[in-house]
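Protein chains: 2
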Amino acid sequence: MGRVVVEVMPKPEILDPQGKAVVGALPRLGFTQFTSVRQGKRFELEVDGEVTPEVLAAAEQAAVTLLSNPVIEDVVRVADIEADAAATVTSQGLA
Amino acid sequence: MGRVVVEVMPKPEILDPQGKAVVGALPRLGFTQFTSVRQGKRFELEVDGEVTPEVLAAAEQAAVTLLSNPVIEDVVRVADIEADAAATVTSQGLA
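So the protein lines, in turn, are chains A and B.
Residue numbering for the first sequence is 5 to 99, as defined by my numbering.
Residue numbering for the second sequence is 5 to 99, as defined by my numbering.
Looking at chain A on its own, in the form it has when it is part of the complex:
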């Protein structure tokens, strides 16, 4: 059973009121490091078999037709979630 992750963010020129609310709340909780916050969406799509290139292509198509609104949002990632998990370890190791 494979899983594909699709990530969608508001385009940079689009106002993001949820992100603005978060960036306003952070300093009140003592987090003063962060200068800007954007909030988007993360989808996990499950398939019965392996994540083949065809499945990834279908996920990309679904990402632009259903999971995002191309006028105001960008699809920032479509990836096999297992590779994604491996990548997380790497990025935390680098930090």
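Hints in this document: simulated from the structure, not taken from any laboratory.
It cannot be assumed that every hint is accurate.
Stated by the list, open to error - SDA-like cross-link-like pairs, simulated, lysine to any residue; straight-line CA separation at most 25 Å:
no., chain 1, residue 1, chain 2, residue 2
1, A, 24, B, 50
2, B, 24, A, 73
3, B, 45, A, 21
4, A, 15, A, 45
5, A, 45, B, 21
6, B, 24, A, 53
7, A, 24, B, 56
8, B, 24, A, 22
9, B, 45, A, 34
10, B, 24, B, 80
11, A, 45, B, 25
12, A, 45, B, 6
13, B, 45, B, 77
14, A, 24, B, 52
15, A, 15, A, 73
16, B, 24, A, 51
17, B, 45, A, 6
18, B, 45, A, 7
19, A, 45, B, 85
20, B, 45, A, 35
21, B, 45, A, 64
22, A, 45, B, 40
23, A, 45, A, 25
24, B, 24, A, 61
25, B, 24, A, 64
26, A, 45, B, 74
27, B, 15, A, 7
28, A, 24, B, 75
29, A, 15, B, 50
30, A, 24, B, 69
31, B, 45, A, 31
32, B, 24, A, 65
33, B, 45, B, 7
What the hints assert, rightly or not - Residues from chain A that keep clear of chain B, each with C-beta distances beyond 12 Å, as calculated:
no., residue
34, 17
35, 74
36, 75
37, 76
Unchecked claim - Per label pair, the in silico range of CB-to-CB distance:
no., chain 1, residue 1, chain 2, residue 2, range
38, A, 29, B, 58, 16 to 24 Å
39, B, 58, A, 58, 39 to 47 Å
40, B, 68, A, 58, 31 to 39 Å
Glycine included, every Cβ here is placed at the ideal spot set by N, Cα and C.
Since the structure of chain A is provided, determine the placement of chain B on it from the hints.
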């Protein structure tokens, strides 16, 4: 200027009506591969300098106190977005 990505998903045992709506709509658009969909959130937090281990630790703390509701959501990733971008290339290369 560094950016940290924080990803939050509903816990597996929690009903996810947005994901259910998406999985119902996909077959109507011709996408029959996907058996289940979960919808979560993706945040991009911007900092002025580098993404240091301290910044990542603060982002993790913010993730569990403000960006997620620990009763119904899991923080699935907190990572430097540059490492993340490199990882995306890798995961698409593997696919």
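Status of each hint after checking the structure:
no., hint, result
1, 24(A) - 50(B), "12 Å, holds"
2, 24(B) - 73(A), "18 Å, holds"
3, 45(B) - 21(A), "14 Å, holds"
4, 15(A) - 45(A), "12 Å, holds"
5, 45(A) - 21(B), "14 Å, holds"
6, 24(B) - 53(A), "20 Å, holds"
7, 24(A) - 56(B), "23 Å, holds"
8, 24(B) - 22(A), "23 Å, holds"
9, 45(B) - 34(A), "22 Å, holds"
10, 24(B) - 80(B), "20 Å, holds"
11, 45(A) - 25(B), "15 Å, holds"
12, 45(A) - 6(B), "20 Å, holds"
13, 45(B) - 77(B), "10 Å, holds"
14, 24(A) - 52(B), "17 Å, holds"
15, 15(A) - 73(A), "10 Å, holds"
16, 24(B) - 51(A), "15 Å, holds"
17, 45(B) - 6(A), "20 Å, holds"
18, 45(B) - 7(A), "17 Å, holds"
19, 45(A) - 85(B), "15 Å, holds"
20, 45(B) - 35(A), "20 Å, holds"
21, 45(B) - 64(A), "18 Å, holds"
22, 45(A) - 40(B), "16 Å, holds"
23, 45(A) - 25(A), "16 Å, holds"
24, 24(B) - 61(A), "21 Å, holds"
25, 24(B) - 64(A), "19 Å, holds"
26, 45(A) - 74(B), "18 Å, holds"
27, 15(B) - 7(A), "16 Å, holds"
28, 24(A) - 75(B), "24 Å, holds"
29, 15(A) - 50(B), "15 Å, holds"
30, 24(A) - 69(B), "17 Å, holds"
31, 45(B) - 31(A), "21 Å, holds"
32, 24(B) - 65(A), "19 Å, holds"
33, 45(B) - 7(B), "16 Å, holds"
34, 17, "15 Å, holds"
35, 74, "15 Å, holds"
36, 75, "18 Å, holds"
37, 76, "15 Å, holds"
38, 29(A) - 58(B): 16 to 24 Å, "20 Å, holds"
39, 58(B) - 58(A): 39 to 47 Å, "43 Å, holds"
40, 68(B) - 58(A): 31 to 39 Å, "37 Å, holds"
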